[in-house]
Structure formats: C-alpha cells, structure tokens
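Asks: Chains A and B, in that order, give the protein sequences. For the first sequence, full-length UniProt numbering gives the first residue as 1, with consecutive numbering after it. For the second sequence, full-length UniProt numbering gives the first residue as 1, with consecutive numbering after it.
FYI, nobody ran anything at the bench for these hints, they're computed from the structure. Honestly, I wouldn't trust all of these hints.
[Stated by the list, open to error] Derived, one-sided and incomplete: chain B residues facing chain A with beta-carbon distance under 10 Å:
1) ASP10
2) GLY17
3) ALA31
4) MET33
5) ILE75
[Claimed, not checked] Simulated restraints on C-beta separations:
6) ARG752/A <-> TRP7/B: 18 to 28 Å
7) ASP31/A <-> CYS8/B: 49 to 59 Å
8) MET33/B <-> GLU620/A: 50 to 60 Å
9) GLY630/A <-> PRO32/B: 38 to 48 Å
10) PRO32/B <-> ALA582/A: 44 to 54 Å
11) ALA485/A <-> CYS8/B: 21 to 31 Å
The beta-carbon is built from N, C-alpha and C at its ideal position, and this holds for glycine as well.
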Amino acid sequence: MSAAKANKAQPHRSPDGGRIDRGTPLSFRFDGQSYQGYAGDTLASALLANGVKLVGRSFKYHRPRGILSAGVEEPNALVQLRSGARHEPNLRATVAELYDGLEATSQNRWPSLAFDVSAINNVFSAFLGAGFYYKTFMGPTRGAWHFYERIIRKAAGLGTAPTLPDPDRYEKAHAHCDLLVVGGGAAGLAAALTAGRSGARVFLVEQDNELGGALLGEAAGAGLAWATDAASELASLPNVRILTRTTAFGFYDHGVMGLVERVADHLPQPGAHQPRQRLWTLRTKQVVIAAGAHERPLVFGDNDIPGVMLAGAVRRYLHRWAVTPGERATVFANHDEAYRTALDLADAGVAVAAVVDPRPVPGGDLLRALAERGIEHLSNHVVVRARGGRHLLGAEVAALDADGNPTEPTRFISSDLLAMSGGWNPAVQLHAQSGGKPQWDSRLFTFVPGTSKQAERSAGAAAGHMTLASALTDGVSAAGAALEALGHALKPIDLPAVEPEAEAVPAPLWEVYTRKGKRFVDFQHDVTAKDLDQAVREGYRAPEHAKRYTTLGMATDQGKTANVNALEVLARARGEAREKLAQTTFRPPYTPVSLGAFGGRDVLRHYHPIRRTPMHAWHEAQGAVMVETGLWMRPRYYPRGNETLFEAMNRETRHVREKVGMVDVSTLGKIDVQGPDAGEFLNRIYANGFKKLPVGKARYGVMLREDGMVFDDGTCSRLSESHYLVTTTTANAARILSHMEYHLQTCWPDLRVHVASVTDQIAAMAIAGPRSRAVLEKAVEGAEVSNEALPFMGVVHARIAGKPVIIFRISFSGELAYEVAAGADHGLAVWEALMEAGQDSEIMAYGTEAMAVMRIEKGHAAGPELSGQTTAADLGLGKLCSTKKPYIGHRLKERPVTADPHRPALVGLVSLEDNKRIPGGAQLVEDPKAQAPVPMLGYATSPTYSITLNKNIALGLLKDGAERMGTTLYATNPLNNTTVKVEVVSPHFFDPEGKRLHA
Amino acid sequence: MRLPCPWCGDRDLNEFGYGGDATLQRPADDAPMKEWVDYVFFRDNPRGSHREHWQHIQGCRAWIVVERDTLTHEITGSWPANEMVVAAPAKSEVTP
Ligand SMILES: [Zn+2]
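So that you can see chain A by itself, here it is in the shape it has in the complex (with noise of 0.2 Å):
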C-alpha cells in the first residue's frame, strides 16, 4: 500500500507535520473494521485520524464514549488488544501504539457498539444512581444479590479476562541509582542533563516511547530543538540510564520504586528471547517527580459525548499527529493557555466556531489573535451542554447572570469537537505514594506537592510551574538540590530562550449548573455531579466516604481526570470552603501494571521449584509414583505391573514387617548443633533432657513452643563431647532453625552454640524389618552392627561403599530398623549398595504410603496430629516431659487450658464396619441420629487400612481417651454423609510392648 494511498484514507490526516512516518503505512482493524495509520501513531490517533469518534460504551449507562485525552489519564478509550491467548482487556487506546496488523474490539458493549442493549439503562438511570449497590443489596433485601449478579455482571463492567495461559515472558530487574527522574519532558531533561553533566548515577524513565514530553505535543521551536539534543546528550553518558515505555508506578519506602517497562508491547508479539514487560525495582537515594499534569475537564450537560474533548489533547493530536479531529470546533475554557487550541486548529485549517469563557474580557493580545482568525470570543458566557447521540452536533452556549449563574435562552453552536479545559493538575500521585500530602494551590485552583516525607521533590509542572521556561528552571534547581544532598558539585546547563506563552491560570469554574443532562465527573465510572449532591444530602459527606458511596475515583484510571472536579461538586454540595477538604488517598500504581510483570519469572516450577533427594534419578528410573511434600519430592509407592495405590501399599508394607524394606528420608530436617554449650542449650529446646545423653547414643525428643504447645519432633543423637545432629519433620526444617537461631541470639547469648542446617549436605534412608541387620551386615565396613555392639538407639560410624556413614539404630516402623546418613554426594551409591547388599534377603523399595500405614499402626504423632493444638500429653508424651529442668513451654504448660485433664488425647480406633474406611477428619459422636447440635467428642486424625491386622484403622484425638477404650463410638462426616462405627483402642495397635525393634 503506497503511503498516498494511506493518507487518503484517513480524511482526518493533514497533509504533512507530525512526528509520524508516513513511508510506513500500517493497517490495522477496530471491531473487524480495517484502517490505515502511520509508524509513530497511537490506536487513539489513527481512530481520530480515520474519522472514528464512537470508540467504547461506558461503564454503568452504556452511553457511547469516544476519547477524551491524549495520554494515561485516558477514561474512555478503553478497548481490548490482540486476539486468543494474549488478548488483553482494558486498554487505553491513547497510549497504545500502532503497529502493523494490530486488532482492536470495543468493550462493553453488546451486539454492537452503535447499537448496544444495555444502553437503556441510561433511561432507567432514575434507579441506578449513587449508593444503587449498597441500597439494593446491601439491606434487608441482600438475597437479592443472588439473583441479580449475573445480569449486572454482564451488563456493568469492562473487557472480558483472556481464558488462555500467557505465553510471553515477564522479567525482574534491580538496580540501584543516585537520582532517579520520572519524566522525560523539559523539566525531567533538565534535571536529568544537570545531574547527568555532574557524574551522578542517574536513571531517566519515561512513560512514552521517545523522551519530551508535552513539547513532542507543540509545533517545532527552541523548546522542542533543545530537548532533542539533550536527550541525545544524555544518551552519550555512561552515568545515565534511559529508559523508554517505562512507567514509574510506585513510590514506596526508604526510596524504592517500582517500574515496569514494556519491552514489546508495542510488536505483534515479543520477539526471540524477549521479554513482553520487565518489573524493575529500582533503590534510589534522591528522586526528582518530574511527571507534568493532568487537564481538568469542565462539568456541564452530557460533557461526554463523543467529540468532547480536552483542549490540550487536542492540541497534541493536531501537531504529534497531524490529526484534526473535527471539523468545526469550540473551544470552552477557562484560563489562557487553552486559547492556543483555538489558534492552532484556525491555524491547522479547522474552522473554529467560538471560544467560550466564563471569565469576563481577558487580555488584549489573545483577542487580537482570535479576531485575526475571525474567531468569535463569549467571554461571561458558558457551555451548558453538548448535544449529539454517537457524535457530536453541538454545545448549547449561555451567557453568565451577575451571580454566576447561566441565563435563558441558550444560544446552539453547531460543532463536531469541543475542546474543553478548566486547568492542569500537577500529577501528585508519586508523591502522595511516598507519603507527602499535596497541598491546595489557590492560584492555579488545584493540588501541589507538599512537604516531602522522602528524598524527593517534584519539579516543572508537576510542581505547578506550567510553563516551558519556569518548568525548564525549577528540573535544574531539582536536580541541584538533589545534588547537593547527594554531594556532587553542581554542573551548570544551557537552558534554551523560549517564547513567552499563556500560562494556565483558570478562573474558579468547575462545573456548570444546571439540570439539562447528565453532567460526568468520573467518566470511567459513569458518576455525575448529581450523585455526588445526592452521597452529601444522605450523610456521605466526607471525601473518602462519598468516593466509596458514588466509586469515583475507584475505576482503572483512579480518577486522574475527576479527583479534583470531585472535591469542588462536594464543596459546593456541602456548602463549605473548597480548602476544608483533602484529596483522597493515592495507592501504586499509578497506572494499570500487567499482573504478569509482577509474576515476573516466579510462575509455575519457578514459583514452586522441585526440591530432590540424592536418590531421586534411582525412584524414577524404579517407576516410582511421587508425591509432593512441601517443595520436595518422595516416592509415595512403587507399583508393580497394574498395581494400584492400595495394593502397592499393602504389598510394600507387609514385605517391611515380614522381611526387609528401604524408604528415602533424606527430606528430614537436620541441624548440626555444636559447642561447649550444646548439651545445656538442647535441653532448654526440647522438652525432654539431652545433657546427658551419651556420646554414641539417640534419643527420641520433643520440642514444644512457649505456648506449651507441641512443636515438632524427632531424634538428636551425640556424635561427641561438643556435637549433636537434630533431625526435624520435613515441614518445621526451616522453622525449628530460625527458632533455634532466635533463642541463641535474642534470650541466650551466653551459650557457647552454633547451629547450622545440613538437610541439604546429608542423604538418609531407612533400612527397616527384620531382615534388615543381616543387610547392614553385609553392606558395612569398619563397625559391628550386633545387637550387643549396636543397640537400639545406638548410633556408630562406619563405612559403606567406601563412603563414610552414621548409622543410626532407631525406628519409625516399629521393626528392627536403622537410619544410615551419608553425605548429599554419596547419597545414591550408598543406596544402591545397601539394595545390592539386601538381595538375599530380598530387599524392597517402600515409598510414604507404606512408611505412614506403620507409623499409624505403631500410634506414632505426625503431621496431622503435630498440629499446633496438641499438648504433648494429648500425644502421649507427657512422660516424655522433664520435671527437672525447665524448658521452652515448660511453664504454659500448665496453665489450666493446657493441663486438663479432659481435653482430647491420642487413641486408635478400628471401623467395626467390614470394608469401611474410617474417614479423614471425621467427627467422633456417641449417637450420630441425636438431635443437632450433637455432641463432638473428639475426631480422627491419621486414618489407613492395615494389612497386618486387616482392619480399617485410624489415629484420633478424643475427650477422656483413656476412660473410654473398649466402647463403641460413631466416626462421622456430615459432609458426605458417611458415618461408620468405631471401637476405640490403644493407638498402639502392632506391637505395643516394643519387642520387634529390641530384637
């Protein structure tokens, strides 16, 4: 397609200028309709330059939108990008560029944007006013909610969320800077270049895709020659970082600020080995806010009518664009600097109607500019309201009477565009965020910063200097003071001679006064000044109640464009001063951030990493089923042929109590605790004493918290004088140490002690069954494993493989068994060699299933049980408890909660129901057909069946377990109505007096 051919596609397009590139053309498509823009366009651009005005359907009303601004203040341009898996709803056209085969859809709208359903409900707008929410569903018709939320759902909202996982990439990068400038407009150049020149580590971030400004928005001149060398300049410093179609969207504490880059946005799609966005954390030591303002539109009739717009978005489409996007224009403001729109559209060849002003005659030589264009001047009059339906027709004019108010008759001015400005508000937003409280200016009629709570000022018009020369001064006073503080000598700049020109001073006119039209203050939100008099009149004075009460402010945009009109509608509806009230809070981000550039490379696995054992490659290649527990993975069963869970479980654990078995546990938390102190220290941390275990000996121990409850627990065995090895559930590993660590450095700091994890360093597994010294046997060197030389819970050092190992006699089956631990590296072929070493006695690989079956069968507490509400009495373990010493948990203990005797204590039950499971959880009553609320007496924790004794079994924790072993209770879950009947027993099912693992 030849670039002659595009342009006259685009009948809105002037012939030449703009900052776009017109030898190439892209095509693009809004709601299946195909258009032609240029390199360098926005969507919002090319719309206006192909003559599309009616772009979105709003919020509530469905009342047809078109585009109001030319930046991220944008409230109604908002469309849904792309198609299939990166589709993306919410987007504002005015600041999304154009690239070749871009696709854009309208939202909220159905069928179709011109003809949308839902649009009655602007007729019945009567019953959907402020507080419609709260009033209908939130009173003592609440049900209703039920009923009605799917309707409103579809009909009020915005885009539609994509339904396909995102296939781009997101990053994270961190950094760290001396100044960091937000904003790449004359006063962030200025500041940027001054602190740049000076040797300070600078980054420079702007949210457009070239730096400066509002100048790339102004005909060509010295402001805009000046910007474009210094961003080449600062381009040339290796102290400086310039980044490009980056926002600054959070200012948090102690000087961090969050960026997101858009690395690819602007492509089809990211390239190769590109990311879509990129989160940056950035650490600054001084910030300069250099990030402009944003135009106030004015509050009269329907101001929301397609071809309403604002006076500078015009304005910047006219010479960043070459876009006119009317034909016949009025311009209604209420300051100087929006008579430049005027001028410029005369200038651009659009004729214009009027300028409206409610001020009465302003200065000479903008009058004379307006009569040489022939341009008629209403100074003391007003816009009352637009009319038009999908378009713009034209604004119903009034003059002003002597106390303000708009007169009758109104006089009509036809006009396709109407651009309107009620001034600039600086963009406080970062400075709010990090923690100032802008304050009211009474001569620009708005907010600007206040004090700074954090190293940072704002500068240019963002501190409310709007004009080019006072905003180029006050980036490189910024930047000077920001030096200063930094210590850097301070470089002088060259600031270029510019024009005088109008500043934007308005005169106090919000909004227009009368009762034609709905009269938009939110437009995202579809909140009129009537529901803001109407949030006032039912008590909601105060701003941040009323903001709750009508959601202004609380859209995508958060109100850029209606926070400050907002609080002087409230003003004057309370009958108050317009400096009583405060803004309300600004909360990162400033604009809409992708939750995918927060994500960043933390999805999925990266989120949620694998942790393996050592042995893990031999379960695998075994055909072992895994299971995750927390981040690690355990082999839960070794199916043989088409074995199910069930029977591999069975089959497994009754090879352990029958011959032999082996289990990975390498996932145990270990803490090696060292020094002269650590015998002393371990016995504050458990309950139970280990000073003076002997070297070469194990002990089962339990920790309890200061609370007196149950902690964790597990074995510490004495490797010599100084050194102990703790092993933990695999769960608390990481916890047991830090409170390890908390006690040492924060209540203790006399021990001797030092406590490092070795989880990691050390691989372990269990050799467990009768069979299983005859294994050892074979395998070790350099030890006796004898029952005389190795006695139940004795521990040796010994040899297997050539690889040095402990071996550990100790028991979680309930069988004859041993732990052996060898380093992380010798892991696998300590394994394999004790596998190879047990092939006589048939050896056989057992996974957690099989592990948790015997561990129930022997009544020993774990996860389930350990779960934060248990004594160790309630576990059996009250003996375990030493009344000798004291100990963490030692003394709430027995505070009368904890020391009841009463309160629900470890015992097994067996299901007296044939081929009934007792189910997990399930609640223990005497008569489960009673009369609700019936009585619970307590619950089960760990139920299995048990192939050694052939009975559905369970732990459970029970009121006065010990007094009612023998009866019969009922396990029940209401929630599946499955109750079965239980008798209740010792929680020691299999082998109670302990003889298989003395043996």
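Put chain B with the ligand on the given structure of chain A with help from the hints.
Replies: Here is chain B with the ligand on its own, set in the frame of chain A:
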C-alpha cells in the same frame, strides 16, 4: 522497605523474617504465670517508634533489633540482637 542489617548493610525487606516486639524480656523460669502469659500472649500495638526483632533469613541469618516508626516506617537504628539482650534474672524478682 529496606532494613539496615548491622552486618550486611541496607537490604530488601523480602530477605528478612519478622520476629515481633524486641523490648520483651523472657521471664525467669519460675516467674509467676501472669508474667509468662503476658510475655507470650500480650503485645502493645504502638504508633510511632518501636523496637522489633527481624531475622536476616536470606542473608547472614542474624537476628537483629530494628528501631522503626510504625507510622512512617522511618528507621532510626539497628543492632545485633545478642548485643541488646537484657540478662534475664536467674530467679524471679517477683514473689509468686
Ligand atoms: Zn545480614
């Protein structure tokens, strides 16, 4: 937020774990039950300057005391926790 570790310097908040009020002193082993209950269960929620324990979990693992304004997050000091321990009395000073 950034926290100053006395050993590692200014580090990001996400390297630290919170440990609560650092002004509490673990009672003597035989202290009255009330003292123990206060120590374990009751906390002030001060507005303004406050000393609290943090652990540099992803760094040097030291427990530290940080003096922080709970309203503004301004940090006015940090010390190794073991240098800030007030030795607990061997026996309770209060008669049970
Ligand atoms: Zn540290």
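Asks: Confirm or reject each hint.
Replies: Each hint tested on the structure:
1. ASP10: Since the shortest Cβ distance to chain A is 8 Å, the answer is holds.
2. GLY17: Where the cut-off is 10 Å and the nearest Cβ of chain A is about 7 Å from GLY17/B, the hint holds.
3. ALA31: OK, holds: ALA31/B within 10 Å of chain A, min 7 Å.
4. MET33: At 7 Å from the nearest chain A Cβ, MET33/B passes the 10 Å test, so the hint holds.
5. ILE75: holds, 7 Å
6. ARG752/A <-> TRP7/B: 18 to 28 Å: holds, 20 Å
7. ASP31/A <-> CYS8/B: 49 to 59 Å: Since the Cβ atoms of ASP31/A and CYS8/B sit about 56 Å apart, the hinted range of 49 to 59 Å holds.
8. MET33/B <-> GLU620/A: 50 to 60 Å: holds, 54 Å
9. GLY630/A <-> PRO32/B: 38 to 48 Å: holds, 40 Å
10. PRO32/B <-> ALA582/A: 44 to 54 Å: holds, 49 Å
11. ALA485/A <-> CYS8/B: 21 to 31 Å: At roughly 24 Å between Cβ atoms, CYS8/B and ALA485/A fall inside 21 to 31 Å, so the hint holds.
In the structure shown, no violation is registered for any of the earlier numbered hints.
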